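Chains as they are written, first to last, in my numbering: chain Y, 32 to 293; chain L, 32 to 293; chain X, 32 to 293; chain F, 32 to 293.
Treat the hints with caution; some may be incorrect.
For identical chains, the list gives no copy identity; a pair is met inside one copy or between any two copies.
What the hints assert, rightly or not - Simulated crosslink set (BS3-like; lysine-lysine; CA at most 30 angstroms straight-line):
no., residue 1, residue 2
1, K82, K245
2, K110, K245
3, K285, K82
4, K81, K168
5, K285, K269
6, K125, K168
7, K168, K251
8, K269, K125
9, K285, K125
10, K269, K245
Worth flagging that the hints you see were computed from the coordinates, not collected in a lab. This one's a predicted model, so the numbers in the text were calculated from it and none came from an experiment.
There are 4 protein chains.
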Amino acid sequence: MICGIVFDALWLPGTEYEEVSPDSDPSKVIELFDLPAWILGNFDALESVKKGLEEMTIWGESNELLGEIPPLHLSLHDKYGGSMVVEFIDGEMKIYDNPNGVLTNAPELPWHLENLRNYVNLSAYMKEAEINGITYKGMGFGSGYVGIPGDGTPPSKFVRITLLREFSNAVETEEEGIMLALHLLNTVDIPAGVSKREGSGPAAFENTQWVTIKDNKNLKLYFRSYDCSSLFVVDLNKVSFSNGTNHESIIVDKEFSVIDVF
Amino acid sequence: MICGIVFDALWLPGTEYEEVSPDSDPSKVIELFDLPAWILGNFDALESVKKGLEEMTIWGESNELLGEIPPLHLSLHDKYGGSMVVEFIDGEMKIYDNPNGVLTNAPELPWHLENLRNYVNLSAYMKEAEINGITYKGMGFGSGYVGIPGDGTPPSKFVRITLLREFSNAVETEEEGIMLALHLLNTVDIPAGVSKREGSGPAAFENTQWVTIKDNKNLKLYFRSYDCSSLFVVDLNKVSFSNGTNHESIIVDKEFSVIDVF
Amino acid sequence: MICGIVFDALWLPGTEYEEVSPDSDPSKVIELFDLPAWILGNFDALESVKKGLEEMTIWGESNELLGEIPPLHLSLHDKYGGSMVVEFIDGEMKIYDNPNGVLTNAPELPWHLENLRNYVNLSAYMKEAEINGITYKGMGFGSGYVGIPGDGTPPSKFVRITLLREFSNAVETEEEGIMLALHLLNTVDIPAGVSKREGSGPAAFENTQWVTIKDNKNLKLYFRSYDCSSLFVVDLNKVSFSNGTNHESIIVDKEFSVIDVF
Amino acid sequence: MICGIVFDALWLPGTEYEEVSPDSDPSKVIELFDLPAWILGNFDALESVKKGLEEMTIWGESNELLGEIPPLHLSLHDKYGGSMVVEFIDGEMKIYDNPNGVLTNAPELPWHLENLRNYVNLSAYMKEAEINGITYKGMGFGSGYVGIPGDGTPPSKFVRITLLREFSNAVETEEEGIMLALHLLNTVDIPAGVSKREGSGPAAFENTQWVTIKDNKNLKLYFRSYDCSSLFVVDLNKVSFSNGTNHESIIVDKEFSVIDVF
Numbered sequence: 032m033i034c035g036i037v038f039d040a041l042w043l044p045g046t047e048y049e050e051v052s053p054d055s056d057p058s059k060v061i062e063l064f065d066l067p068a069w070i071l072g073n074f075d076a077l078e079s080v081k082k083g084l085e086e087m088t089i090w091g092e093s094n095e096l097l098g099e100i101p102p103l104h105l106s107l108h109d110k111y112g113g114s115m116v117v118e119f120i121d122g123e124m125k126i127y128d129n130p131n132g133v134l135t136n137a138p139e140l141p142w143h144l145e146n147l148r149n150y151v152n153l154s155a156y157m158k159e160a161e162i163n164g165i166t167y168k169g170m171g172f173g174s175g176y177v178g179i180p181g182d183g184t185p186p187s188k189f190v191r192i193t194l195l196r197e198f199s200n201a202v203e204t205e206e207e208g209i210m211l212a213l214h215l216l217n218t219v220d221i222p223a224g225v226s227k228r229e230g231s232g233p234a235a236f237e238n239t240q241w242v243t244i245k246d247n248k249n250l251k252l253y254f255r256s257y258d259c260s261s262l263f264v265v266d267l268n269k270v271s272f273s274n275g276t277n278h279e280s281i282i283v284d285k286e287f288s289v290i291d292v293f
Numbered sequence: 032m033i034c035g036i037v038f039d040a041l042w043l044p045g046t047e048y049e050e051v052s053p054d055s056d057p058s059k060v061i062e063l064f065d066l067p068a069w070i071l072g073n074f075d076a077l078e079s080v081k082k083g084l085e086e087m088t089i090w091g092e093s094n095e096l097l098g099e100i101p102p103l104h105l106s107l108h109d110k111y112g113g114s115m116v117v118e119f120i121d122g123e124m125k126i127y128d129n130p131n132g133v134l135t136n137a138p139e140l141p142w143h144l145e146n147l148r149n150y151v152n153l154s155a156y157m158k159e160a161e162i163n164g165i166t167y168k169g170m171g172f173g174s175g176y177v178g179i180p181g182d183g184t185p186p187s188k189f190v191r192i193t194l195l196r197e198f199s200n201a202v203e204t205e206e207e208g209i210m211l212a213l214h215l216l217n218t219v220d221i222p223a224g225v226s227k228r229e230g231s232g233p234a235a236f237e238n239t240q241w242v243t244i245k246d247n248k249n250l251k252l253y254f255r256s257y258d259c260s261s262l263f264v265v266d267l268n269k270v271s272f273s274n275g276t277n278h279e280s281i282i283v284d285k286e287f288s289v290i291d292v293f
Numbered sequence: 032m033i034c035g036i037v038f039d040a041l042w043l044p045g046t047e048y049e050e051v052s053p054d055s056d057p058s059k060v061i062e063l064f065d066l067p068a069w070i071l072g073n074f075d076a077l078e079s080v081k082k083g084l085e086e087m088t089i090w091g092e093s094n095e096l097l098g099e100i101p102p103l104h105l106s107l108h109d110k111y112g113g114s115m116v117v118e119f120i121d122g123e124m125k126i127y128d129n130p131n132g133v134l135t136n137a138p139e140l141p142w143h144l145e146n147l148r149n150y151v152n153l154s155a156y157m158k159e160a161e162i163n164g165i166t167y168k169g170m171g172f173g174s175g176y177v178g179i180p181g182d183g184t185p186p187s188k189f190v191r192i193t194l195l196r197e198f199s200n201a202v203e204t205e206e207e208g209i210m211l212a213l214h215l216l217n218t219v220d221i222p223a224g225v226s227k228r229e230g231s232g233p234a235a236f237e238n239t240q241w242v243t244i245k246d247n248k249n250l251k252l253y254f255r256s257y258d259c260s261s262l263f264v265v266d267l268n269k270v271s272f273s274n275g276t277n278h279e280s281i282i283v284d285k286e287f288s289v290i291d292v293f
Numbered sequence: 032m033i034c035g036i037v038f039d040a041l042w043l044p045g046t047e048y049e050e051v052s053p054d055s056d057p058s059k060v061i062e063l064f065d066l067p068a069w070i071l072g073n074f075d076a077l078e079s080v081k082k083g084l085e086e087m088t089i090w091g092e093s094n095e096l097l098g099e100i101p102p103l104h105l106s107l108h109d110k111y112g113g114s115m116v117v118e119f120i121d122g123e124m125k126i127y128d129n130p131n132g133v134l135t136n137a138p139e140l141p142w143h144l145e146n147l148r149n150y151v152n153l154s155a156y157m158k159e160a161e162i163n164g165i166t167y168k169g170m171g172f173g174s175g176y177v178g179i180p181g182d183g184t185p186p187s188k189f190v191r192i193t194l195l196r197e198f199s200n201a202v203e204t205e206e207e208g209i210m211l212a213l214h215l216l217n218t219v220d221i222p223a224g225v226s227k228r229e230g231s232g233p234a235a236f237e238n239t240q241w242v243t244i245k246d247n248k249n250l251k252l253y254f255r256s257y258d259c260s261s262l263f264v265v266d267l268n269k270v271s272f273s274n275g276t277n278h279e280s281i282i283v284d285k286e287f288s289v290i291d292v293f
């Protein structure tokens with residue numbers, strides 16, 4: 032049985048996980064990277080995940096590859112339409128309902144939600160204005176949301192995804208929904224090199240290595256990677272989750288491919 | 032022989048084509064929609080296109096579908112790296128070198144180039160700042176170009192494409208170049224409904240119906256349409272341009288498709 | 032003796048003061064509007080104010096004129112250079128050091144400080160940029176901080192005052208300091224009608240009714256009101272604070288005045 | 032007789048004045064700095080100024096102090112409500128009606144007017160928005176014009192003055208009008224050091240050295256300088272313009288002054 036909960040982890044510098052006291056009940060203590068399996072294996076609704084989490088102590092282990100305890104906040108969605116965010120601030124677990132359903136990296140969710148209040152004057156509709164008796168037409172489609180930030184930082188991506196999703200047309204079919212999600216993700220795409228750090232080396236720049244779309248009603252995971260424009264799907268209905276089944280890893284970094292018209 | 036010139040036409044409200052006087056030499060008069068064939072059939076470098084155009088009078092015919100003379104400015108690129116824009120303002124043809132190589136819709140090219148001067152403080156590099164003795168780290172990658180506009184109007188798209196192309200990493204292969212172009216185009220993607228006009232009907236909203244990438248060194252035309260994420264290519268080297276060859280039209284609106292991983 | 036503490040109260044919708052339990056020690060309970068007298072009468076350094084406040088319960092009384100308990104957060108400065116903010120969130124008093132020294136209205140201080148991280152790429156210095164091999168000069172002085180918000184909301188005023196103060200030249204004399212403060216306040220001035228609410232009536236628009244500058248080293252209070260450009264000062268050194276002295280109120284709303292050159 | 036025409040000159044880098052040919056009629060040639068006297072002495076309406084200018088050739092003399100021919104465009108207003116701008120581009124005089132009535136420095140007027148089309152979605156009114164079913168209130172007064180630029184470059188000042196003037200309340204008296212103009216000018220005030228150039232020396236930073244308000248109905252010139260907040264007036268009705276009258280210069284740089292309340 033697949034629970035239909037979607038679990039994502041995003042970077043939140045400054046995160047501090049909980050302290051485990053020596054006399055804790057070991058069955059109530061869990062390391063961050065064991066959390067997905069524990070949640071996906073035990074719950075199917077966020078309401079019960081929340082109750083479950085409140086009884087647990089969650090600690091973070093240093094990651095060899097990263098050389099640090101990865102500072103993460105968690106975004107969860109269930110198949111009933113619920114959305115929830117878990118953060119670890121000053122060693123304390125914070126669980127938030129997330130009626131907006133969006134999460135990006137830093138800073139904490141409540142800051143992002145408050146920040147939406149700075150963009151309440153934006154509109155999907157073309158505008159014009161009369162100034163000193165003269166009518167000025169907007170520059171065309173999109174003139175109602177001039178002022179929306181276009182950069183690659185997490186606060187700007189949060190605003191962009193939130194508002195453009197709100198402005199977009201309702202979709203009718205599953206395929207339309209997937210394509211709308213993909214076009215929305217396009218608007219926060221980071222081409223390689225656009226967002227750099229001084230210095231060189233593997234972490235010298237960021238790019239959108241891949242995007243994923245998780246359809247937790249139809250139990251399909253879509254993804255697209257940086258070097259290939261084609262969309263791939265993992266249909267979880269076709270995967271056996273019975274004990275003892277061997278699973279291959281999926282290679283996400285797909286190679287460039289193009290379809291010849293002739 | 033394929034000339035390697037790329038010819039694009041973009042919407043510029045307010046365009047006024049030239050007047051044709053009754054005693055004009057008919058061989059020096061050409062309707063706008065005959066211009067691509069005339070240019071692509073007679074020239075291979077923008078320098079000579081420019082000389083050719085200066086001798087011609089270009090008029091615009093009302094288009095039945097649109098119910099108006101389409102107001103267009105033209106963006107041309109040749110295989111030698113040249114880029115040029117042609118506009119029709121107050122009935123006069125203006126030909127501009129376009130060293131920046133970018134064009135969007137309204138307003139005229141010189142305005143867009145002047146407008147770039149408002150964004151000279153933006154940088155690809157992450158930033159931090161000391162304010163009153165306290166260090167504030169930026170919000171992460173992308174903090175050097177906060178202030179870049181994120182909306183769907185042509186001036187904002189012009190700025191975004193220009194700067195993000197400038198910031199991006201150099202590419203080494205043809206495939207990397209295609210994918211960089213595609214990711215840059217993602218940053219100006221318009222999901223359906225995000226940019227609306229009051230009222231309803233077919234012209235009630237704009238979306239990015241398709242994107243094209245024209246490789247005029249390798250003579251390939253790539254495209255991707257709204258409903259399908261896969262990339263298609265027309266390899267002009269495989270097309271016969273000899274007289275009498277029948278050509279089929281290419282359907283650009285591709286249907287949703289996805290590749291199953293299992 | 033004048034303590035040299037500056038006490039300001041600013042609007043913070045959503046504020047909830049503390050609950051007073053029936054069995055509280057009455058000497059440890061104080062109404063918000065009695066707080067200025069209590070602080071200014073008992074302390075001269077913020078460190079001790081902080082300790083004092085932590086022992087008190089602060090409640091808010093409904094104000095007849097306003098028809099509500101005014102939702103306020105408090106900004107304090109002492110003559111030793113300290114700065115502190117007090118907020119009441121969900122019935123709990125929060126005391127923050129404020130090394131940035133700035134406060135505006137909504138939202139809470141920590142949000143504003145986090146928000147500064149969105150503006151770390153701004154600079155006082157004129158800029159130019161090379162784009163695709165062409166040099167674009169900025170539009171002149173000020174081109175280093177294009178992207179700073181210009182509107183009248185409290186987050187934008189917070190950013191503007193913080194950054195422009197940081198960018199401004201060091202002052203050498205008291206008079207230069209006063210004038211710099213006044214010019215900084217100009218940059219957040221709200222002309223009457225610019226910031227409106229739908230509907231009419233006395234609260235239908237906001238304007239900067241007056242500005243004050245508090246020099247807590249020299250113990251002078253400067254102010255300027257909307258209808259008169261002249262600067263006024265209350266020199267606290269000239270005011271008798273001995274018991275039994277009668278004090279007149281000061282009329283802050285000065286009338287238009289102008290100095291004739293001839 | 033005072034003509035009621037207001038003549039201002041503002042910095043426009045790239046300006047090229049007209050060439051004077053050796054066989055020009057000397058009575059039709061005038062140096063830029065003689066232009067104010069010629070216009071103010073010969074005309075009282077912009078319509079006739081325009082006709083007059085079209086017959087003249089205007090050249091620019093190198094200025095010893097500046098070490099260059101000052102590149103200026105001219106803003107003129109008459110007492111009938113007319114407004115006009117004169118620019119010198121590629122050695123050609125351009126005369127524009129300026130129904131918007133605003134001018135700042137670079138770039139040329141038509142660019143600024145086109146640029147207003149980017150701000151047609153801004154409003155004086157407070158806003159709120161529903162996003163994904165949740166209502167977000169704006170951050171208070173001013174939330175309708177978030178997105179207005181706050182920096183010190185001429186394009187941003189042009190937008191700010193234009194829109195805030197449009198949003199402001201109608202004034203009823205002369206004094207209210209003067210104070211509104213002053214508050215609008217506050218919003219484009221540049222505190223010393225905020226707008227810098229790399230390097231040091233007298234031209235290393237810009238500040239708003241003085242502001243002037245010209246009331247061409249009542250024939251009064253108001254000014255305020257950087258170091259003194261008081262408003263000064265030159266009442267032209269009191270000035271004798273008869274031949275042979277000696278005029279003293281007016282010192283604009285007023286010293287700090289403050290009015291003691293006690």
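Original post:
Of the hints given before, which are not true for this structure?
Top reply: 3, 7, 8, 9
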